[in-house]
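K.L.:
Quick mapping for you: the protein sequence lines, in order, are chains F and R. So the first sequence is numbered by our numbering: it starts at 1 and just counts up by one. So the second sequence is numbered by our numbering: it starts at 76 and just counts up by one.
Calculated directly from the structure, the hints in this document are not laboratory data. A quick note: this is a predicted structure, and the numbers were derived from the prediction, not measured. For glycine and all other residues, C-beta sits at the position ideal for the given N, C-alpha and C. One should not assume that every hint holds.
Only pairs whose alpha carbons sit at most 25 Å apart, straight line, appear in this in silico SDA-like list of lysine to any residue [unchecked claim]: (1) K41/F to V230/R; (2) K41/F to L289/R; (3) K41/F to E290/R.
Anything over 10 Å on all C-beta distances counts as not near chain F; from chain R, calculated [to be verified]: (4) L100; (5) R131; (6) L184; (7) W223.
Beta-carbon label-pair distances, calculated as ranges [to be verified]: (8) G282/R to G65/F: 31 to 37 Å; (9) A207/R to N42/F: 22 to 28 Å; (10) I194/R to Q63/F: 55 to 61 Å; (11) G31/F to G213/R: 30 to 36 Å; (12) Q63/F to V104/R: 46 to 52 Å; (13) R72/F to E287/R: 24 to 30 Å; (14) A14/F to A274/R: 44 to 50 Å; (15) K105/R to L53/F: 50 to 56 Å; (16) A207/R to G31/F: 25 to 31 Å; (17) L68/F to K105/R: 54 to 60 Å; (18) V104/R to G31/F: 43 to 49 Å; (19) E287/R to S27/F: 21 to 27 Å; (20) I194/R to A7/F: 45 to 51 Å.
Spelled out, the chains give:
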Amino acid sequence: MSGDDHAVEVGLDALLAARGMTLTQLSELVGVSVVNLSVLKNGRARAIRFSTLTRLCEVLDCQPGDLLRVRREGR
Amino acid sequence: MELPLTATPLRRAARNPLRPLDVTLDVLVKVMTSFLVLSSLTMVFGSGTLLGFGERTICVRDDSPSFDSGADHLPSLFKPGVVASQSGLSLCVNDPSFGQRALNVATQLPSFVLYFAAILMLWRLVRHAAQAGPFHPGNVRRLQVLGWWLAVGGVVAKTAEEAARTSLIDGMYRTADLDPLGWFGFQFSLVLTGLGLLAVARILRMGVEMREDLEGTV
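One chain only, chain F, in its complex shape (with noise of 0.2 Å):
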């Protein structure tokens, strides 16, 4: 199984425009490069650190299911 076939997104866009906040604000509350979150935005990540979890659910207060989902067929 490679690193890219899976069928999770990430709804980090939705979370930052209804916060009103932007990435690079997110980047310096969370402690993670622009670079990096850019890559998980972007759906390009192909994991994601429990540390880095927790400190984005803080920063934008929601769950981890707020941030991440699973995309299935037919849906």
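Since the structure of chain F is already known, use the hints to place chain R on it.
P.N.:
Positioned in the frame of chain F, the structure of chain R alone reads:
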């Protein structure tokens, strides 16, 4: 005296994993290329020889004959209990035919090509690893090619040289006794090294995949 609490932990400086192989191969490739060019020039314009090319007298050693030493006639060179015997003949042709020249070259050329090409492949692999990093798919491919080259070449080169040597020797006897089965040979160390490199290539491929996962982790 108290150590400052904010002292950063000591870290060993990252070493180049390719040292000293990269420098060694750079020197080796230059020396071998220079030797090849100089030998070719002396062969073409002088009386030099290279891998059997340019030899005016061809000599080959036949190890099969065995002779009694005639120890009774020898002065007492050896300690009591030592039995002396000699085996093998050195057969030389002063005016070799084209076929004999070709066979003579074939007794030396395959191993040279095998080793020279292997060193060039390793040199290219190390240069690529220095540029692209050790965990790169290109390194896996190059390592696989080198592994197969050594594993297969260790058999092919030895067999070809043995066939040429046997044919050359047989051509010097009045009655030839061709035995193609006796031509087969292989260099165990090379075959083992080649198979080992193929295993290392598979391990490196796993490392490349892990590296890609790591780079894609946020």
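K.L.:
Taking the closest pair, is the beta carbon of L100/R still more than 10 Å from chain F?
P.N.:
holds, 33 Å
K.L.:
Between R72/F and E287/R, is the Cβ distance one that fits in 24 to 30 Å?
P.N.:
holds, 26 Å
K.L.:
May I ask you to test the hint 21 to 27 Å on the CB atoms belonging to E287/R and S27/F?
P.N.:
About 23 Å separates the Cβ atoms of E287/R and S27/F, which means 21 to 27 Å holds.
K.L.:
Has the given pair, K41/F with V230/R, been kept, meaning a C-alpha gap of at most 25 Å?
P.N.:
The hint is violated at about 54 Å.
K.L.:
Between the beta carbons of A14/F and A274/R, is the distance compatible with 44 to 50 Å?
P.N.:
Given a distance of about 48 Å, which is inside 44 to 50 Å, the answer is holds.
K.L.:
Check the following: the C-beta atoms of G31/F and G213/R are separated by a distance inside 30 to 36 Å.
P.N.:
holds, 34 Å
K.L.:
Is it true that the C-beta distance of I194/R to A7/F lies inside 45 to 51 Å, as the hint says?
P.N.:
Holds, at about 48 Å.
K.L.:
What's the verdict on K41/F and L289/R, does the C-alpha distance respect the 25 Å limit or exceed it?
P.N.:
holds, 17 Å
K.L.:
Taking 22 to 28 Å as the stated bounds, is the beta-carbon spacing between A207/R and N42/F within them?
P.N.:
holds, 24 Å
K.L.:
Using the C-beta atoms of G282/R and G65/F, is the stated range 31 to 37 Å upheld?
P.N.:
holds, 34 Å
K.L.:
Is the Cβ of W223/R more than 10 Å away from each Cβ in chain F?
P.N.:
holds, 25 Å
K.L.:
For L68/F and K105/R, compare the CB-CB distance with the range 54 to 60 Å and indicate the outcome.
P.N.:
holds, 55 Å
Going down the numbered hints, you'll see the structure goes against 1 and 12, while the others check out.
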